[in-house]
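Residue numbers (the UniProt record's numbering), protein chains in the order written: chain A, 1 to 360; chain B, 1 to 360; chain C, 1 to 360; chain D, 1 to 360; chain E, 1 to 360.
Treat the hints loosely; a few may be bogus.
[Claimed, not checked] Heads up, simulated DSSO-like pairs for lysine-lysine below, C-alpha to C-alpha not over 30 Å straight-line:
id, chain 1, residue 1, chain 2, residue 2
1, E, Lys80, D, Lys166
2, A, Lys224, E, Lys358
3, A, Lys84, E, Lys45
4, A, Lys84, A, Lys54
5, A, Lys164, B, Lys80
6, B, Lys357, C, Lys355
7, B, Lys357, D, Lys295
8, A, Lys358, E, Lys357
9, B, Lys141, A, Lys246
Quick caveat, the hints were computed from the structure, so don't treat them as lab data.
The chain contents come next:
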Amino acid sequence: MAKFKKYSLKRPRTTKSLNQVPGTVTYIGHKEMSEVHLEVIDYNKQHYNWYASKSPEDAFKFEEPLNITWFNINGLNNTKEIEKMGEYYDLHPLILEDIVNTGQRPKIDEYPDYIFIVAKMLYYNGDGTLRNEHISLVVGKDYVLTFQEADGDVFDGVRERISKDKGRIRNNGADYLMFALLDAIIDNYFAVIDDISDKIETFESQLFIDNSADDLVQEIQELKRTILRIRRAVFPLREVVGRLQKMDNDIIEEQTVNYIRDLYDHIIQISENIDIYREMIWSLMDMYMTTISNKMNEVMKVLTIMASIFIPLTFIAGVYGMNFEYMPELEWKYGYFAIWGIMIIVFLGMLYYFKRKKWL
Amino acid sequence: MAKFKKYSLKRPRTTKSLNQVPGTVTYIGHKEMSEVHLEVIDYNKQHYNWYASKSPEDAFKFEEPLNITWFNINGLNNTKEIEKMGEYYDLHPLILEDIVNTGQRPKIDEYPDYIFIVAKMLYYNGDGTLRNEHISLVVGKDYVLTFQEADGDVFDGVRERISKDKGRIRNNGADYLMFALLDAIIDNYFAVIDDISDKIETFESQLFIDNSADDLVQEIQELKRTILRIRRAVFPLREVVGRLQKMDNDIIEEQTVNYIRDLYDHIIQISENIDIYREMIWSLMDMYMTTISNKMNEVMKVLTIMASIFIPLTFIAGVYGMNFEYMPELEWKYGYFAIWGIMIIVFLGMLYYFKRKKWL
Amino acid sequence: MAKFKKYSLKRPRTTKSLNQVPGTVTYIGHKEMSEVHLEVIDYNKQHYNWYASKSPEDAFKFEEPLNITWFNINGLNNTKEIEKMGEYYDLHPLILEDIVNTGQRPKIDEYPDYIFIVAKMLYYNGDGTLRNEHISLVVGKDYVLTFQEADGDVFDGVRERISKDKGRIRNNGADYLMFALLDAIIDNYFAVIDDISDKIETFESQLFIDNSADDLVQEIQELKRTILRIRRAVFPLREVVGRLQKMDNDIIEEQTVNYIRDLYDHIIQISENIDIYREMIWSLMDMYMTTISNKMNEVMKVLTIMASIFIPLTFIAGVYGMNFEYMPELEWKYGYFAIWGIMIIVFLGMLYYFKRKKWL
Amino acid sequence: MAKFKKYSLKRPRTTKSLNQVPGTVTYIGHKEMSEVHLEVIDYNKQHYNWYASKSPEDAFKFEEPLNITWFNINGLNNTKEIEKMGEYYDLHPLILEDIVNTGQRPKIDEYPDYIFIVAKMLYYNGDGTLRNEHISLVVGKDYVLTFQEADGDVFDGVRERISKDKGRIRNNGADYLMFALLDAIIDNYFAVIDDISDKIETFESQLFIDNSADDLVQEIQELKRTILRIRRAVFPLREVVGRLQKMDNDIIEEQTVNYIRDLYDHIIQISENIDIYREMIWSLMDMYMTTISNKMNEVMKVLTIMASIFIPLTFIAGVYGMNFEYMPELEWKYGYFAIWGIMIIVFLGMLYYFKRKKWL
Amino acid sequence: MAKFKKYSLKRPRTTKSLNQVPGTVTYIGHKEMSEVHLEVIDYNKQHYNWYASKSPEDAFKFEEPLNITWFNINGLNNTKEIEKMGEYYDLHPLILEDIVNTGQRPKIDEYPDYIFIVAKMLYYNGDGTLRNEHISLVVGKDYVLTFQEADGDVFDGVRERISKDKGRIRNNGADYLMFALLDAIIDNYFAVIDDISDKIETFESQLFIDNSADDLVQEIQELKRTILRIRRAVFPLREVVGRLQKMDNDIIEEQTVNYIRDLYDHIIQISENIDIYREMIWSLMDMYMTTISNKMNEVMKVLTIMASIFIPLTFIAGVYGMNFEYMPELEWKYGYFAIWGIMIIVFLGMLYYFKRKKWL
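In isolation and in its complexed conformation, chain A is listed as follows:
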């Protein structure tokens, strides 16, 4: 089971720090990457080409009318390069702002020549921490631009299917490429969701074995936080895919709509799971409370049994420790043994009483 990196719920503010001009392209995000890594995948039915560079200009030459071109840009720090891309592809300044603003929630905007989609990639890093990476897609008639915060993504399967010509991807247009990318993103949500499910089950069984108190509460709280964050990535995307499904323009072709419908099914499924897991996590707290109360009950029973048995006995012993001059029992020959007899009877009586009460 992977470890959750402890993210703050606080999302980066919008690009515009206070008093800034709206539409200014300023990168605000966690991941530091001073350079921009550009990757170009250009293909059609017959042809496939892969090219990597650090300056976007190099890539514009790949623009050939009959091919589908996927420009993947990693690194949002170097906003100048992003702006160059924006200029070349004639992107609205607000789009550029959204691309670099990692606090932007998933959304879809339709422009005359392209569709603009913002989503969140959730996936596990090499070290097992959960990454929540901002990704933007610009989908045109024959190109897809993707902007990611840093290197590393969930698209290796798509790359392989293009390079090795698996499935339908080489026979279809940019819209199918967009579908394949979104599909890869959503598929990774399942993995994250499954991990949450594992955690819940682990917690449930831990609760009854060894509740090292405060730690568990904090971990449950952390889990709440994580599920709320995932929800914030997934729920707006549901709307995005829902609108993609109903979009009527000539970027998305008839035959791709079926695939998008399928995508929608998957994201609904994830949303339902999130809501169920959320409910399960919330009831973990209740379970925790009951286990604490049960333990307290157990502690109290031990105390009550010990005290109820020995306090009366101590009293009896105390009585015969009194120094009255005339205490007839003290002079009896078997007084001492008689008193032991009485104490044993009291002892057994209490045991029986607690046994009958099922406290023992």
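Following the hints, complete the assembly by docking chains B, C, D and E onto the known chain A.
Here is chains B, C, D and E on its own, set in the frame of chain A:
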């Protein structure tokens, strides 16, 4: 009352394990069945024929224009056979994916020549465990294809009505057969729901008799999980039946709509019950907490009564166990008996006090 | 305050026990009545006729074109008689199924010649238990058929108004009769709701007087169950009346619509009350928890006070019960009295401490 | 802060006690007023007339075509007089029923010649109790009828504005008068809401000072009940004003719509506040639970500290109170003082331990 | 982290104190400012002018057809000046009422010549307290009027962009100025929201370190109150911006709509965060309860361990403190040491028992 098999909430991932081409037909499910069992029921008003085989090709010969044919396929492991069926009936690749993807939620898709329905069968196995089986229906003008995960289903009543010509089924088309199958599925939900209801009542009475603590909490949690799973099977199906009702095509005939409306009524009824039982289960937790607190109260009372009575008495005895040289009471003749008198008075006084407080 | 009969939440399954043909008329209900009691009330402005019989056929003769005829059938066990009625009035088989299926939720179906309504009568029996009786109405142009589970209903007022020609009922058609019957049913909901309200108030005051623990929790739980059941009877009926209001056919006349609107107002009012009482019942549990905790606090205080006062005193006494050879205090003449002085000071000091803490 | 009179949540049943003819005018309410007080305010731009009487007939003479006439009727017990009014103004029998039925929820009905509105006046009586008074308005082209349960209302400001010709009221029609009356009703809700807010703050601070246990719980419960009742008065009125806003008839003039929109704003504002206060009240219960638990913790700590310190010391004293013949320590010269030394060390050790645990 | 000033939830009543004429302009607010401060910023592409005064009349001269003019009025106490502005710009009396009524919730009204918007500025004062300031905007074809409660706002960035000609603001019309102002308001919400987030995290960690009981509960309660207040400022504004987006008039130009869409995105993002933080705050209470219970458990364990160990030992010592004449053990030579042995065994046995139970 049947036993619930402890299922994980985690549903099988979509067919596409990560990095797989969408539309690939890969079986992902719990039930292992290496072969495909095919069952063909071919009938019309006059005629009835039953045929079983292990290869779909054998079945295609039954395709006669004037009969209604029900192809029932058990076993989704052998995807090659499923693909053959798909080819023969010209099913969209995404349908085939949904047929074998046991994680798919209930849904309905309308295609020009057929309706595609995904549902979940909930029923009790021979051994009393609850099975949640994925089932897909393809309903055409004169045929119904059903795809199940494994042998064993809830359709024996339908089979009998066809073979013995009971009710209207032999006089009606494929749409009525579809209704009869969905009706059988939904009828079984009632049985499962009734079982949940029994469990809740059992728990409610157990709570007050013998709450063997953690077990009960875990069983309640398990019940929560079960009701959430059932809900996930039932709620999307409600939508499916709702859309069936309003569908306007020539597969579903006028006179069948009334029956589907009836089906809709039933599924609404189940949904309502689920929500009520859910609320009851959630309040079981509250009840449990109160019973724990009540028990704690009882334990505390015993402790308090015992300690409050005997600690003062022990103190009195302790006083007269002191070794002061000059303690006048010790020398009194009836000092000892006087002290016993005082102790008995204190004892009775405490008893009376606790009686008045209603702790005894 | 009437007693609630402890009903199970489990409603009777649909008529079709598993594997039965849909549309089969099988009575499934609690109330045993082997015969069918038929009651016919035939009236118009001038004329009034009452007739009772045990076979429906007798009743058909009352069918006169200018009169309004109310056929009331008590007893759903004898399904053959029901089927005869169905044949005579040309009722759809699914209607007959709904008439005898006491698990059917309130609903309304519009047919060309009549309206079919299912509702639930809630009323108190002679012995103070709450009855939940299934009732179906078929409303035609000049007749109303009512099917009840057993003798005994809430319609005596309507009968009297017809026989004694009170109000508008004799001047209006079958639609007004339908209104009058539904109005009587809904009026009885108010009585039941008022009773719930009384119970809540009783519980609230009991909570603070004498919480005989588990009983109360079970009774609160029972009340939850009851309110959920009433809700299930009322909420779908709201929808039924809402649709009646907007219905556009020639069974319901213009002037009756105002009355139905009034009915709708009433049922909304009941729904609102139900939701409020539900919330009140749920918070009863919270109140109960706080009273338990308060009691525990009280118990703990008694223990703490007793122990805190006498344990130190016992220690002091213990010290002077030691048998050291050289203990100077023991030999002092007033040592014993000094020690009593110290003990009294400690005693009073503790009392003062607890007084200041407001525990006494 | 005003005192809330303890109302029962139970609202009076509809006018029709069981078995009564619908549309019968029967007064069902709390306030006893055997007579009807009639007040007529007749005005136009130039002219103003005030007239009071005990019989409605006297008032009809005021009916002059060019004036706006406000008939205010206090007292719903004398239903005969109400019926006379109804006849004169040709009111539907169901309207009359709603006028006298104090259990009727706020609603609006549009009739060809007038609008019928039911609302609830919430205001503080002279003695500081909250009154919930049923009020009905009939608004025609040039008259407004208001029916109140008893003398005393929230309209004195409106009366003054008419008599002294303040603001626009004398220049506008009956629709503006209606607005002014509703505005006065809604303005009073703010006062009630503010009072609730004060109560919540008082409770919040009381909780931490002196929680005289059960009283507070009952008062919080009472507050819950009050807010639920206010909600029931306000929420349906929101709908009423919303529909007034969109009404298209010639009673409400163009220029008044802006004022009604303003009214709608106010009632939305009240609704929002109600929901917020509701949430605050509900969390009062939670806070109460935590304070109880905190107190219990404190009690337990005192007990634990007392017991943990003195029980071991008593044990030590007990050891040297044993009567063994050979106990070397007893014979030591400074044995007694050594033992005191040990006991003081144990005592200080325990104190230090509890200090470090922050229990002291 | 800034401090939250403790505001009452109680919002100022509407302008109309009871019995006042609707539409009267009366200032009701917290901030005292006896004068009106007027600020005029007049600009177009080439030209920029800034002017400050204390009487509105001075400002009217700035009205030049080709420039955009922003009139900013600080101080709502001097209602006469506000009324003059209203007259000059022909504002509806109800608008003037809303401008000075600081209790008015955010709203938007469309008039033929201008748009009227009410919003709330939330920002931190110099002293770190949160201010909630009422602001109204009137947006015409070539002017924007803003009315604020007092000096000090969130618009310094906008002022700078106009004066220094940064970004697009000087090239655009009054609609863009409106956008820039709303954008500045909404940007400040992010800062407030981030602060809430910090507080939640601080509380979460404090809970487990040192819960100085009641204080923390009160602070959590205060946080609840704050989030509810922010919600009340933000949620209606969402609706306002949503309607701005869809508004179809000639004040808002085509190219500005994209910016407003962006604004809408931001406010949705804030709303989502508010809901998440709300949930987190509510679960703080639960966490708090569990930490209290855990502490109680710890206290109880100490008590139980101390009592369970020393009570039996004291009993043993008590036995041998009895004064029976014939107690053989007392006379044994090593009786005393044997008893010490037994006591040490009991002691170690108890330790072992508690160790195994994991209480130590």
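ask   = Going straight from one Cα to the other, do A:Lys84 and E:Lys45 come out at no more than 30 Å?
value = holds (27 Å)
ask   = Holds or violated: B:Lys141 with A:Lys246, Cα cutoff 30 Å?
value = holds (29 Å)
query = Within 30 Å, alpha carbon to alpha carbon, are A:Lys84 and A:Lys54?
reply = Holds, at roughly 13 Å.
ask   = Is E:Lys80 close enough to D:Lys166, meaning Cα to Cα at most 30 Å?
value = holds (19 Å)
request  = Starting from A:Lys358, check that the Cα of E:Lys357 is at most 30 Å away, please.
outcome  = holds (19 Å)
key: 30 Å limit on alpha-carbon distance, applied to hinted pair B:Lys357 and C:Lys355   = Holds: B:Lys357 and C:Lys355 sit about 20 Å apart, inside 30 Å.
ask   = Does A:Lys224 pair with E:Lys358 here, judged by a C-alpha cut-off of 30 Å?
value = holds (29 Å)
ask   = Does the structure keep B:Lys357 and D:Lys295 at a Cα separation of 30 Å or less?
value = holds (21 Å)
message = Given the hinted pair A:Lys164 and B:Lys80, is their Cα-Cα distance within 30 Å?
response = Holds, because 23 Å separates the two Cα atoms, which is no more than 30 Å.
Going down the numbered hints, you'll see the structure goes against none, and every one checks out.
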